[in-house]
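> Respectively, the protein sequence lines represent chains A and B.
Just remember that the working numbering sits 32 ahead of the position in the first sequence, which is counted from 1.
Just remember that the working numbering sits 213 ahead of the position in the second sequence, which is counted from 1.
What the hints contain is simulated information worked out from the structure, not anything from laboratory work.
Please note that the accuracy of each hint is not assured.
[To be verified] Chain B side only, calculated, beta carbon under 8 Å to chain A, not exhaustive:
1. Pro366
2. Gly370
3. Thr439
4. Ala529
5. Asp530
6. Asp554
7. Ala566
8. Ala592
9. Lys666
[To be verified] For lysine-lysine, the following DSS-like pairs were computed, each having C-alpha atoms within a straight-line distance of at most 25 Å:
10. B/Lys666 to B/Lys298
11. B/Lys318 to B/Lys352
12. A/Lys353 to A/Lys308
13. B/Lys534 to B/Lys488
14. A/Lys470 to B/Lys533
15. B/Lys463 to B/Lys453
16. B/Lys533 to A/Lys469
17. B/Lys666 to A/Lys470
18. A/Lys77 to A/Lys115
19. B/Lys466 to B/Lys488
20. B/Lys453 to B/Lys466
21. B/Lys352 to B/Lys453
22. B/Lys666 to A/Lys353
23. A/Lys308 to A/Lys324
24. B/Lys534 to A/Lys469
Even glycine gets a Cβ: it sits at the ideal position worked out from N, Cα and C.
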Amino acid sequence: MRYVIAASVFALVGSAAVAQPAGKQHMMYEIVVDANASQPTVLVKHGHVYTVGAAGTLADGDVLIGGGKILQVGANLSFPGAKIIDAHGKPVTPGLMVSWTPLGITEVDLVAETNDEASNQAQDSAAFDVADAINPSSTLIPVARIRGVTRSLTAPVDCGSTFCGTAAVMHLGLGPDLIVKRQAGVLVELEPTGGAGQKNARPDIWSKFRETMDDAREYWAQRGGYHRPGGSRDQRSARIDLDALGPVIQGREPLMVHAERVSTIRQVLQYAQANKLKLVIVGGGEAWECAKELAAAHVPVVIDNDINLPASFSDLGATLKGAARLDEAGVMVAFQPQNDGPAHYARTITQIAGNAVANGMKWDHALAAITRNPAQIWGIADSYGTLEPGKDADVVIWDGDPLEVTSAPSAVFIKGDAIPMTSRQTELRDRYRDLAKKIPPYGYR
Amino acid sequence: MNSMKGLPAWGAAAIVVATLVLAWWLIPGLHHGDGGPVADQFPADDFPSTYHPRPSKPVLIKGATILTATDKEIANGDVLMQDGKIAGVGQNLTASAGAIVIDGKGKFVTPGIIDIHSHLGVYPSPSNEATSDGNEATKPVTAEVRSENSVWPQDPGFSRALAGGVTAMEILPGSANLIGGRSVVLKNVWSTTTQGMKFPGAPYDLKMACGENPKRVYGDKGGPQTWMGDVAGYRAAFAKAQAYRATWQKYWKTKAGDPPDRDLGLETLALVLDKKIPVQMHCYRGDQMATMIDVMKEFGFRIAAFHHAAEAYKVADLLKKNDICAVMWADWWGFKMEAYDGIPENIAMVDHAGACAMIHSDDPLGIQRLNQEVAKAMASGRRMGYPITRAHAVAWMTRNPAKALGILGQTGTLENGKMADVVMWDGDPFSVYTHAEKVFIDGALTYDRDDPKNSPRSDFELGQEDNAHTGGAGQ
Chain A
33 MRYVIAASVF
43 ALVGSAAVAQ
53 PAGKQHMMYE
63 IVVDANASQP
73 TVLVKHGHVY
83 TVGAAGTLAD
93 GDVLIGGGKI
103 LQVGANLSFP
113 GAKIIDAHGK
123 PVTPGLMVSW
133 TPLGITEVDL
143 VAETNDEASN
153 QAQDSAAFDV
163 ADAINPSSTL
173 IPVARIRGVT
183 RSLTAPVDCG
193 STFCGTAAVM
203 HLGLGPDLIV
213 KRQAGVLVEL
223 EPTGGAGQKN
233 ARPDIWSKFR
243 ETMDDAREYW
253 AQRGGYHRPG
263 GSRDQRSARI
273 DLDALGPVIQ
283 GREPLMVHAE
293 RVSTIRQVLQ
303 YAQANKLKLV
313 IVGGGEAWEC
323 AKELAAAHVP
333 VVIDNDINLP
343 ASFSDLGATL
353 KGAARLDEAG
363 VMVAFQPQND
373 GPAHYARTIT
383 QIAGNAVANG
393 MKWDHALAAI
403 TRNPAQIWGI
413 ADSYGTLEPG
423 KDADVVIWDG
433 DPLEVTSAPS
443 AVFIKGDAIP
453 MTSRQTELRD
463 RYRDLAKKIP
473 PYGYR
Chain B
214 MNSMKGLPAW
224 GAAAIVVATL
234 VLAWWLIPGL
244 HHGDGGPVAD
254 QFPADDFPST
264 YHPRPSKPVL
274 IKGATILTAT
284 DKEIANGDVL
294 MQDGKIAGVG
304 QNLTASAGAI
314 VIDGKGKFVT
324 PGIIDIHSHL
334 GVYPSPSNEA
344 TSDGNEATKP
354 VTAEVRSENS
364 VWPQDPGFSR
374 ALAGGVTAME
384 ILPGSANLIG
394 GRSVVLKNVW
404 STTTQGMKFP
414 GAPYDLKMAC
424 GENPKRVYGD
434 KGGPQTWMGD
444 VAGYRAAFAK
454 AQAYRATWQK
464 YWKTKAGDPP
474 DRDLGLETLA
484 LVLDKKIPVQ
494 MHCYRGDQMA
504 TMIDVMKEFG
514 FRIAAFHHAA
524 EAYKVADLLK
534 KNDICAVMWA
544 DWWGFKMEAY
554 DGIPENIAMV
564 DHAGACAMIH
574 SDDPLGIQRL
584 NQEVAKAMAS
594 GRRMGYPITR
604 AHAVAWMTRN
614 PAKALGILGQ
624 TGTLENGKMA
634 DVVMWDGDPF
644 SVYTHAEKVF
654 IDGALTYDRD
664 DPKNSPRSDF
674 ELGQEDNAHT
684 GGAGQ
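For reference, chain A alone in the conformation it holds in the complex (with noise of 0.2 Å):
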């Protein structure tokens, strides 16, 4: 089937269902869809449409999805043969992006054998790959995806060395396949972890971490000789760590590094300028107090800003209004699920969000930290993070503000497909739902 439609406003990009722009006054398209596709084209109308893209928020909107793509987003839209869902005036927004949590890659923490958050060995290991890991039938992801979870920046937990590992972007939508892009930045623990008979001083952390780097640098420098005799001198750090560390070196993608003290903040700043490192501060309890370094920088900063305690020596400024400060600073910001990411809790983003809206943070601002923000710190930005032509097709329709603790998405499409909107949890909740009923026994619900 071919359909031309004309979009006055929006250009679409970079999507395999739109073929030859025609037209003067108006921007044409020739729309393919193919009439044996899983997923039907949707249109959903009358929505409070949140793009968090150029065109703002639009009080009456459509979304026109097709092919796994965002095709149109606008007012009065219409598509022949495409079923329509009505919003109701019901907010629309991108699907969320929680960042920093092991979602994918644990079942239950404290069962080993679900768990991959963390390297076992006790050494550093940059090659720790958390794509290895990831598991698309993970009861965590529907549970998540129902409350408009739709990606995540998946990453391996504070490891107890200094070098935990590689992290992944996972869509959260039907598998096999969720991931999204590979080595999307190697996390690195800069705090003192402390803890029973640990020492664990700071020049420690420094000096093996500038050696590995170092070492990483060197590598790089001459990789094809490595394995020639006298081509590289022994370095401590094994080859698969190093090679690991290669998109980090060369600036393409972040390092990663958990730090809540502002003066490691400011050193591992100072570093990163001076090696040309893509730095993204996660943690980041203190980070408010240096925003205007990380602004001029551009060094973004993941944080769960709900913590305001000084759970040790190192995070004693940690704030409610952390967020808020390092925004207004022109610092990118983008939130981590409650309690420091645990994957269980990737649902309790928007809490995070709308919880930094309560102490100053722009309700615009916090919705971008949850899709745009992420979407740009994690390198896909051309694919997702709004509600624009062209973008995969995670979209949500929220029963209220999305950032409220009492609302909930009535619908959510991730790549275009429409989730079922079931969980392992709703399926006990439904067994469950009637006691006083003795038949059939639970078992057979």
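Given chain A, put chain B in place with the hints provided.
For chain B alone, coordinates are given in the frame of chain A:
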């Protein structure tokens, strides 16, 4: 001394002193000394509260939306606080001369939030080896320890919780042990001593724990290694306590020979058997709750509530039948196997079944936003079709925890004569954008969001350069 005619002044004084000494030994609750159970019963309270309400002027909040926690919402309503008590809840109240009148337009008023499960003070901020005093994880039964002896009153978490509207909380020992020790109920007031925070007249509770934690801690340290080992451990402890209680009862009756040796752990368990100390039981799974109900019946103690009750929704009818509350999170789940079946509708489903449901934090961040946690639970219930009003849901963070702690007579609702533990919110408390604006404890303004001078800070935070930028309870 005129009333003591015929006696010299020193004689009257001697009688008074003798009477006081006698009362000291005989009246339960007054005797806190080192004498042990010599007054023919086990002593009730050895670390008496020294809390006194701060002096306060009468306060009248006018024209607010009042959620009384008795299933009532009063639009354009007033709350009067006088002499530390609630002196009026309704419309068109008038204040006595000298009262502070607060315009409540657009505001909401609720009872102070009560968190029945907190480790503030025993696992304080900052968290390190020196400050971690929550688990006496040296053997699986430590009925002899008390969380009140571990509380560090300078935990900055107390003031943060205050800014979230929390006026009272139970501080429990951790859950490493089958029997972890006594819990204590505190008022959320700044004090240099724990006794200065202690909620007057609140009963002690005994913390016990089901399931995975004791197994994990003791599995390779002599056990218990299994859930059946856990259950055998509870039963063995209470069997010993029965014998201990019988030994003392026999001695009180006969006074023959020397008194038996005092055992602090068994003394606590004997008080549990006497139902003077109820049990607060960490228990995730429904089947484990059912087992504990049988153990409770076997020994005749009382379980007030199952905490972290992730599967309470599966056995809500059983909880209702046995008058046991369920203490739940809004959406925590999956961090361990026994939490794998936790669902966001849990609180609403338990409530819908007619059992006693409530929120808790178990967390120094969560305790600051229990209103939001209740909002999430309420919304989850509404989405499955339950018509839950906010007038009803507010009880999940006020009345029901007060009931489970045995302090509902004193606090937990906005009713005349109760302690004036009151929160005025700057909007609907079940919105993420709303803040607790003013918090009153026993009628005294204890936190004021608009007045940094009325925002307590712990000693720890003084001189910490970073905190000078933000500072105080509302950090």
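> All hints are to be evaluated individually against the structure, with a verdict given for each.
Status of each hint after checking the structure:
1. Pro366: The hint is violated - B/Pro366 has no Cβ within 8 Å of chain A, the shortest such distance being about 16 Å.
2. Gly370: B/Gly370 check passes; min Cβ-Cβ to chain A is 6 Å, inside 8 Å.
3. Thr439: Violated: closest Cβ of chain A sits about 16 Å from B/Thr439, beyond 8 Å.
4. Ala529: 6 Å, holds
5. Asp530: 5 Å, holds
6. Asp554: 6 Å, holds
7. Ala566: This hint holds: B/Ala566 lies near chain A, its Cβ roughly 6 Å from the closest one there, short of 8 Å.
8. Ala592: Holds, about 4 Å.
9. Lys666: 19 Å, violated
10. B/Lys666 to B/Lys298: 24 Å, holds
11. B/Lys318 to B/Lys352: This hinted pair is violated, its Cα atoms lying about 55 Å apart.
12. A/Lys353 to A/Lys308: 30 Å, violated
13. B/Lys534 to B/Lys488: Distance ~19 Å between B/Lys534 and B/Lys488 Cα, so the pair holds.
14. A/Lys470 to B/Lys533: 16 Å, holds
15. B/Lys463 to B/Lys453: 15 Å, holds
16. B/Lys533 to A/Lys469: Satisfied, since the Cα-Cα distance of roughly 16 Å is no more than 25 Å.
17. B/Lys666 to A/Lys470: 59 Å, violated
18. A/Lys77 to A/Lys115: Cα-Cα ~10 Å, so holds.
19. B/Lys466 to B/Lys488: Holds, at roughly 21 Å.
20. B/Lys453 to B/Lys466: 20 Å, holds
21. B/Lys352 to B/Lys453: Given that 25 Å is the threshold and the Cα spacing comes to 16 Å, the pair holds.
22. B/Lys666 to A/Lys353: Cα-Cα ~19 Å, so holds.
23. A/Lys308 to A/Lys324: 19 Å, holds
24. B/Lys534 to A/Lys469: 16 Å, holds
In summary, the numbered hints that this structure violates are 1, 3, 9, 11, 12 and 17.
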